[in-house]
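Starting from the known structure of chain A, arrange chain Y on it as the hints suggest.
Protein chains: 2
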Amino acid sequence: MSSTSAGGTVRLAGMTTDNKTIVTQALQQMVATGGTDALEPLLREDFVHHKPDSTSSTKTEWLADVRAVPIDRLRVEILHLLADGDHVMLSTRRWLDGGGPGIAAVDIWRLEDGLITEAWELVEPLADVAANLAWWRADAAA
Amino acid sequence: MSSTSAGGTVRLAGMTTDNKTIVTQALQQMVATGGTDALEPLLREDFVHHKPDSTSSTKTEWLADVRAVPIDRLRVEILHLLADGDHVMLSTRRWLDGGGPGIAAVDIWRLEDGLITEAWELVEPLADVAANLAWWRADAAA
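Line order of the protein sequences matches chains A and Y. Residues in the first sequence are numbered consecutively from 168, following the numbering used here. Residues in the second sequence are numbered consecutively from 168, following the numbering used here.
Okay, chain A solo, but in the shape it has when bound (with noise of 0.2 angstroms):
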């Protein structure tokens, strides 16, 4: 029953990979390695990463900024993971070792036949939270 799970698998080469671990494994081999080698063969060539603000990002310049954070420090706790068909929605809570609060951040990714294909990213620092929580009050005056 494992090739018809909500997951969404993918055969290869007699074996199913599905989808949740497809990501969850790219995120805990750049965490465990410190940089971005084991990722890079994930996403297929014409990946597009989507900001909120309708702004995007290729393959190259999304990796390029993956590989500013550092990553050495960087501590990752997963939340939450759910998928659904093709996409993977991915909770997590991100902060650096020795650093300030960190954020929360959604991942929701697209993957085609066993590779990311495109990525929607929403990012909210955890010293924003109550700020944001009345976002209308700033915005109901503009």
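Copies of one chain are not kept apart here, so a pair can be met inside one copy or by any two copies together.
With a straight-line cut-off of 25 angstroms between C-alpha atoms, the simulated SDA-like cross-links for lysine to any residue are:
id, residue 1, residue 2
1, 218, 254
2, 218, 304
3, 218, 253
4, 226, 301
5, 226, 298
6, 226, 296
7, 218, 243
8, 218, 300
9, 218, 247
10, 218, 279
11, 226, 297
12, 218, 307
13, 218, 274
14, 226, 293
15, 218, 284
16, 226, 300
17, 218, 265
18, 218, 297
19, 218, 191
Since the hints were made in silico from the structure, they are not lab data.
Below, chain Y without anything else, positioned relative to chain A:
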């Protein structure tokens, strides 16, 4: 086959209502009616709403927070909707008609027997997206 879909379905008096439908109908009715009357009966009495900074609200507290928003001016665009087991993830853009740029938000809902029992929310004001990309620069020096 609808009773075995990935959405986590529940049978009520012979009907099959999936969790995605419950969550989106609650949202649509709230925006359409400008109030929380349609939302209230969908939340279990011991409902808890979690913020990323580990604060939380009870059902009564959260409904009061929702009612504080000028719902008659609220506009909501659904970007992603995923369901996996008991959980539904709803990614939206929200703004006030005639107001500022608004927010991107992700809500994760946990349902039991057709009622919403728990929620986690992330908010990113669109005006903050560029600054949030480099969250670790501020945190590294903290």
